[in-house]
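Okay, here's what each chain looks like letter by letter:
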Amino acid sequence: MSEGRWLVEMRGIVKRFDGVEALAGVDFAVGYQEVVGLLGDNGAGKSTLIKILTGVYPPDAGEIYFEGRPVRFRSPREARALGIETVYQDLALVEMMSIARNFFLGREPVQRVGPFSFLNMREMEAVTRRVLEEIGIRVRSVWEPVSVLSGGERQSIAIGRALHFGVRLLILDEPTSALSIKETRKVLGYVEEVRRRGLSVIFITHNIYHVYPVADRLVILSHGRKIGDFRKTDISPEMVAELIAGGITLPEEGKP
Amino acid sequence: MDPQAVEARGQARTRLWARGITLAELRRYPEVGALAGFLAVFFGFAIVAPHFLTLGSLAGIMTIAAELGLVAVGVTLLMIAGEFDLSVGSVLGVSAMVFALMARAGIPHLLAFLAALALAAAIGALNGWVVTRGRLPSFIVTLGSMMFWRGVLLAVTGGFPIAYEEQSLLMFVLSGRLPGGFHASALWFLGVALIATLVLTRTPFGNAIFASGGNPQAARALGVEVARVKQVGFILTAVLAGLTGIIQFSRFGSVDPLRGEGVELEAIAATVTGGTLLTGGYGSVIGTVLGALIVGMVRNGLVLAGAPAYWYRAFIGLVLVGAVIINLRIRRSG
Numbered sequence: 000m001s002e003g004r005w006l007v008e009m010r011g012i013v014k015r016f017d018g019v020e021a022l023a024g025v026d027f028a029v030g031y032q033e034v035v036g037l038l039g040d041n042g043a044g045k046s047t048l049i050k051i052l053t054g055v056y057p058p059d060a061g062e063i064y065f066e067g068r069p070v071r072f073r074s075p076r077e078a079r080a081l082g083i084e085t086v087y088q089d090l091a092l093v094e095m096m097s098i099a100r101n102f103f104l105g106r107e108p109v110q111r112v113g114p115f116s117f118l119n120m121r122e123m124e125a126v127t128r129r130v131l132e133e134i135g136i137r138v139r140s141v142w143e144p145v146s147v148l149s150g151g152e153r154q155s156i157a158i159g160r161a162l163h164f165g166v167r168l169l170i171l172d173e174p175t176s177a178l179s180i181k182e183t184r185k186v187l188g189y190v191e192e193v194r195r196r197g198l199s200v201i202f203i204t205h206n207i208y209h210v211y212p213v214a215d216r217l218v219i220l221s222h223g224r225k226i227g228d229f230r231k232t233d234i235s236p237e238m239v240a241e242l243i244a245g246g247i248t249l250p251e252e253g254k255p
Numbered sequence: 000m001d002p003q004a005v006e007a008r009g010q011a012r013t014r015l016w017a018r019g020i021t022l023a024e025l026r027r028y029p030e031v032g033a034l035a036g037f038l039a040v041f042f043g044f045a046i047v048a049p050h051f052l053t054l055g056s057l058a059g060i061m062t063i064a065a066e067l068g069l070v071a072v073g074v075t076l077l078m079i080a081g082e083f084d085l086s087v088g089s090v091l092g093v094s095a096m097v098f099a100l101m102a103r104a105g106i107p108h109l110l111a112f113l114a115a116l117a118l119a120a121a122i123g124a125l126n127g128w129v130v131t132r133g134r135l136p137s138f139i140v141t142l143g144s145m146m147f148w149r150g151v152l153l154a155v156t157g158g159f160p161i162a163y164e165e166q167s168l169l170m171f172v173l174s175g176r177l178p179g180g181f182h183a184s185a186l187w188f189l190g191v192a193l194i195a196t197l198v199l200t201r202t203p204f205g206n207a208i209f210a211s212g213g214n215p216q217a218a219r220a221l222g223v224e225v226a227r228v229k230q231v232g233f234i235l236t237a238v239l240a241g242l243t244g245i246i247q248f249s250r251f252g253s254v255d256p257l258r259g260e261g262v263e264l265e266a267i268a269a270t271v272t273g274g275t276l277l278t279g280g281y282g283s284v285i286g287t288v289l290g291a292l293i294v295g296m297v298r299n300g301l302v303l304a305g306a307p308a309y310w311y312r313a314f315i316g317l318v319l320v321g322a323v324i325i326n327l328r329i330r331r332s333g
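First to last, the protein sequences are chains P and F. The numbers in numbering that gives the first Met the number 0 rise by one with no breaks, and the one at position 220 of the first sequence is 219. The numbers in numbering that gives the first Met the number 0 rise by one with no breaks, and the one at position 231 of the second sequence is 230.
Derived from the structure by calculation, the hints contain no laboratory data. Any given hint could be a false lead.
Cβ pair distances, simulated, as ranges [as the list claims (entries may be wrong)]:
#1 Arg-15/P to Gly-143/F: 31 to 37 Å
#2 Glu-132/P to Gly-175/F: 35 to 41 Å
#3 Arg-121/P to Gly-175/F: 49 to 55 Å
#4 Leu-277/F to Arg-195/P: 24 to 30 Å
Some chain P residues well away from chain F (every beta-carbon gap over 10 Å; in silico) [to be verified]:
#5 Ala-23
#6 Gly-30
#7 Pro-57
#8 Glu-133
We put the CB at the ideal spot given by N, CA and C, even for glycine.
Could you put together the complete structure from these sequences and hints?
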């Protein structure tokens with residue numbers, strides 16, 4: 000495998016919790032401007048793999064390469080510094096805080112007054128309003144609490160935030176599982192937009208039909224092992240669903 | 000559909016919109032309930048209590064509000080960050096006692112002041128460390144801390160109060176008498192409240208405080224160091240409690256080992272009356288200032304109205320529940 004091919008590559012990742020092997024040597028990679036669907040039933044190891052990639056847990060064995068260079072994240076902060084950002088299903092935004100404050104949380108623009116740094120409220124308002132317009136969300140004020148928004152709007156804002164701050168790899172954790180069909184379609188459209196702008200995306204879900212429309216490649220985990228890695232064009236959603244459910248076993252074919 | 004019906008419908012929608020705007024905007028201000036309570040209590044006592052509107056009475060209210068409010072400002076920031084501190088009353092007592100003992104032993108007051116505050120900071124840091132490292136509920140940890148330090152205070156002093164008659168510049172700066180019967184503590188209170196409001200609403204750290212209490216997982220995912228934010232909150236709260244202890248000592252010239260008992264709950268009452276959510280993530284320092292002023296007015300006003308002072312706690316209880324109901328109604332509307 001050439002080093003220039005992957006934005007991020009994980010090799011032989013092993014993770015044990017209290018002696019139980021959550022990941023048993025998983026290889027996983029994401030190319031440039033690629034949308035990868037990471038699939039598997041509950042407990043398959045999807046979120047453990049992602050938490051290792053984002054620096055929440057250290058792996059017990061295995062290596063991670065970012066743009067071909069080996070990396071070792073000791074905290075989510077270090078992963079974020081390289082442009083890896085996760086949007087969690089229910090944890091993307093702080094409901095009681097305003098939209099603008101959420102948008103800039105952890106990355107606030109400041110104005111210096113002597114030795115003190117104050118929030119640049121004007122910039123926060125202007126940028127948030129512009130991004131909301133781009134996404135097509137209308138609110139009375141960007142200082143409204145996030146709780147006035149629908150689930151899809153919240154996902155879209157979290158994704159818009161990642162775009163605005165120049166994220167390289169966007170990880171979406173079950174972004175559509177709590178959404179209506181109409182809202183799901185909107186969020187998927189937004190994922191396409193993210194790829195067009197040059198980002199790579201990992202889309203975690205246990206429902207193949209949520210990710211199939213936008214994915215370039217599908218990776219399936221089961222019991223801590225990778226049991227499938229397919230270009231979307233090589234497999235039908237029905238077969239993937241069967242694989243996830245453990246109904247059939249296929250040899251690892253079509254590996255890109 | 001005939002045009003008139005469409006028109007009527009449009010108008011109804013516009014009206015709803017207008018109403019929605021006002022409610023939505025109200026919801027952005029946690030202190031609305033406290034302001035209503037403040038005005039009700041203020042005008043209530045102004046009518047029924049003779050001499051309530053005199054300068055002396057207002058000065059007395061300010062002194063009570065300042066000594067409670069300084070503690071409550073810390074409690075508010077910490078509560079918004081998602082944690083309790085029940086040990087503030089004990090920290091207040093310990094700091095006052097340490098200052099008194101050191102001053103009586105002839106140690107320069109400024110040194111004694113700094114040492115007492117450093118001890119308060121250390122207790123706060125310990126509280127925060129146990130809570131964040133041990134992932135324990137702060138309610139339990141600081142309840143233990145409250146009992147422990149009160150016990151230490153009683154054991155070390157043998158239960159006897161300490162009096163110290165001398166005055167010093169430092170003590171005057173902390174709680175000296177100003178014209179009109181006001182005390183310097185009122186200025187400390189307003190200054191600290193102003194700074195706390197600025198930090199909370201206009202700095203990245205304030206954003207981190209809201210996020211840490213509102214949704215710690217989301218905050219962590221966005222790189223907010225939640226444990227550090229809470230740790231700073233515990234230290235700040237303890238230091239403000241310690242400062243208040245020394246301020247009270249400067250005013251009374253004495254301290255007994257039970258000094259500060261019950262302050263923790265009054266501070267929570269002032270904070271919650273001011274619109275801060277007990278569960279964190281939402282609140283305001285300005286609301287807490289109003290809450291502390293309400294407590295001060297009730298304490299002073301009941302006496303001026305001729306009611307037995309014993310009614311004070313009962314009345315505070317009513318105001319607290321009333322304000323919380325108003326706060327909840329505003330938040331649920333729209």
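Hints violated by the structure (listed by number, smallest first): Of the numbered hints given earlier, those the structure breaks are 2, 3, 4, listed in rising order.
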